[in-house]
Amino acid sequence: MVSIVFAGVGGQGVVTVANIVGRAAVAENKNVLMTELHGMAQRGGRISVEIRIGNYHSAIIPDYTADALVGFEELETLHNISKLKSDGLILLNRRRIHPVTLTMMLRGYPEEEIERELKKHSVVTIEADKTALELGNKRAANTIMVGALFATGLLGLREESITGAIKRSLSQRHWDVNLQAFSEGKKLSLLEAPGIS
Amino acid sequence: MRDGISSGEGSRTEMVYDSLLEPEGKMEFLLGNEAVARGIYEAGVSVASTYPGTPSSEIGDVLFLVSERMGIKFEFATNEKVALEIAAAASSGGLRSFVFMKHVGLNVAMDSFVSLAGSGIKGGMVVFSADDPSMHSSQNEQDNRYLGKFARIVVIEPSSPQELKDFVVEAFELSEEIGHPVLIRSVTRVSHVRANVELGELRNKNEWNYKKDPSFVLIPENAYKAQAEISKRIEMAKSRKYQSTFNTIYGDSPNLIITSGSAYNYIDEALQLLKADARIMKIGMSFPIDSDTILREIKNAERVIFVEEGGPFIEEQVLSLCALNSVNKKFYGKMNGSVPLSYEMDVNRTMEFLSKIYGLPYETKEKPLDLAQRPPVLCPGCPHRATYYVAKMALKQRGIKNPIAPTDIGCYTLGYYEPYLLGDFCFSMGSSIGSSSGYSMSTGEKVISFIGDSTFFHSGIPALVSAYHNNHNFLLVVMDNSTTAMTGGQPTPETSSPFKRVDIERVVRGIGIENVFTIDPYDLKTSLDTFKKALDSEGLSVIISKRDCALNADRNRSPDEIKVFQVNQDKCNLCYNCVKNFACAALYVEDGIVNIDPELCDGCSVCSDPLVCPFNAIEVRD
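If you read the protein sequences in the order shown, they are chains A and B.
All residue numbers in the first sequence are consecutive under the working numbering, ending with 197.
All residue numbers in the second sequence are consecutive under the working numbering, ending with 622.
Take these hints with a grain of salt, some might be off.
What the hints assert, rightly or not - What follows is a set of in silico ranges between Cβ atoms, one per label pair, in the way DEER data are often shown:
1. A:107 / B:399: 30 to 38 Å
2. B:399 / A:105: 26 to 34 Å
3. A:167 / B:24: 44 to 52 Å
4. A:112 / B:330: 49 to 57 Å
5. A:31 / B:575: 51 to 59 Å
6. B:573 / A:31: 56 to 64 Å
7. A:167 / B:573: 16 to 24 Å
8. A:153 / B:370: 30 to 38 Å
These are calculated hints, taken from the structure and not from any lab test.
Beta carbons: idealized from backbone N, C-alpha and C, even for Gly.
With the rest of the complex left out, here is chain A (with noise of 0.2 Å):
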């Protein structure tokens, strides 16, 4: 039994991963539910989504509860946070995204709240959209958190089930950079924490 929450926002592809993980698991006969929650906006609007391995009837995780949040960007990170279970671990992407009504009022980001509220957990750092660029293919950062999520153990499943899913989640031309990036993302995960599994 696990509850993972993924935040984002629209267009970093937030829901192809949490479809990985989820057709991994029904390829292991597992009952997955996942829900998806996002506002009117398309594309740079806030996303979440939230997925449960085990014989659940909610989609919805309860406070407080989550065994994981993966986070694609900072700002969503922290307004997941409440999901979180008390030693519950953030996967962090370290992207900002800047909301427009912080541009219009001349604002910043909120750097310094987010950096306090994260000290209060523990924290894995994953520089998702560095290594995707380096890859040569900044669309597959997505597929980084992947492997990083993998890496810790928590989702319980087999890693060919995982890139099996990748492999039916995308189209042929995609399958070697999202390969790569699964690996190169579980060992993102391990160097920056290496007992987490």
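Go by the hints and put chain B onto chain A.
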């Protein structure tokens, strides 16, 4: 695959395509709405139609791609009423038919929906409505079970993607056996949940077997007879066979919880966390209700708790039943304030009210943070942003400080927000134009209203005919991005091959309106001049602001083709016009400096126009 639809990546749609056609017994990871599409395939449906609306849209996205392979004739209709009539006609000849929509879409179809109860059906017919408690993407959270009961149409409520599929199949059996339509009421957290769904067997399709039947001609003489028939058919739906198909009872406890739909999903976990017990009666058919079983259960219980999403729909029916049978217990529900009346449920909310009813401790933790929010925004490159920008500029240059600006349902409703503030009236599809006539009758203030292309076709045209005929005076802007963008990019009547393309300008001119202008909003200079000209003219004017949805444009080009822009800091004068008035989501300010996020920039180039940046500081990134 036909073109014209663009929901998600091609790969994803291809995958859904295949998984829905898999044989019986396969387990697939399906979105609730995808399970619905599989359900109608299993049920042997021949004809289906819809108008897209969240949270029901994905059913149409899937059918658009796979309906041919499923042997289903499917089409997007201009509105929900047309869609319902398409399905009713197919059913009158013995085919199984399906029509689906978001909850408020049923309001549009209501006139024929009520008649459908009177005519009854030949081939099984199911109407599917996805309600939106908490209004994630809607103007209200109306509970459409009431509309089913109002029309006297059977109401079925699934709780999960698996049940969505199974209940669709069962609903068709029921419908065809009793000759009456069935309404399936889903909600956001059923239609938009993804879960394991086990596929079932495929039933053969019905043959077309049309015979003229006066039941379908609801003139007073026939309608009079129909009233008695409706009651007979509803009575048939109460049979034990159907109730046991849709309803479930389990648990041993003097506390009876009567629940349905999505609200059911949170109860077991809430009870477990509270260490409380209950006997659960999960109602799948909530109109007509299973009176005998419910009464028996209530007689055996000490207290009875009603947990529903939406109004006290089952609660009202059960309490009437108890009053008629002189049964009195401790009742807890929405009607006496024990259960909250609005918004969707979850485990935490369920624990909150159950703990009070049970007299158990439950601590609600305070949400710790008050961080900057991220309100919805138009996408980078969205042509609506450019339209709103020039509209504001033209109004300002013409000294119109406070226009009345009715708007409509679509992405462009975001014009309501800062910095555009062009959205003063928004009720329902097409309401921008009707209300513009009302403002024009009531005041001499300048009225400028906004409607999208799909909404224009859906219900804007009759209102525009009325406005022209009655000599009204306003400027209508049709925000034409040639797609139904907000629901995921479904086609519109403007979509061409294999469809017949309908041209908005020709429709508008066909009405007789003469002040009609078509602009490309990316061309700010010409657009500005056109807006000023239209504002200067008396009577009814229409501007068609035409440019493809930025998301659609992106899907038709490779990312390498995008030329991203940047701010040349040597030239930037820090006037902040771009961030304050154009306000693209890709622009941001850090330490007083304006930057463009290269990941978000869509390369539309509009911000580099001298009408946005008079210092020419925004240029193509090297």
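Each hint tested on the structure:
Between residue 107 of chain A and residue 399 of chain B the C-beta distance comes to about 32 Å, which sits within the given range of 30 to 38 Å. The hint said 26 to 34 Å for the Cβ distance between residue 399 of chain B and residue 105 of chain A, and at roughly 27 Å that hint holds. Between residue 167 of chain A and residue 24 of chain B the beta carbons are some 25 Å apart, a value that contradicts the proposed interval 44 to 52 Å. A C-beta distance of roughly 52 Å is found between residue 112 of chain A and residue 330 of chain B, which places it inside the suggested range of 49 to 57 Å.
Evaluation of the 51 to 59 Å hint for residue 31 of chain A and residue 575 of chain B yields a pass: the beta carbon distance comes to about 57 Å. The hinted range of 56 to 64 Å is satisfied by residue 573 of chain B and residue 31 of chain A, whose Cβ atoms lie roughly 59 Å apart. The hinted range of 16 to 24 Å is not satisfied by residue 167 of chain A and residue 573 of chain B, whose Cβ atoms lie roughly 51 Å apart. Under the hint 30 to 38 Å, the C-beta atoms of residue 153 of chain A and residue 370 of chain B, about 34 Å apart, fit the expected range.
Checked against the numbered hints above, the structure breaks hints 3 and 7 and satisfies the rest.
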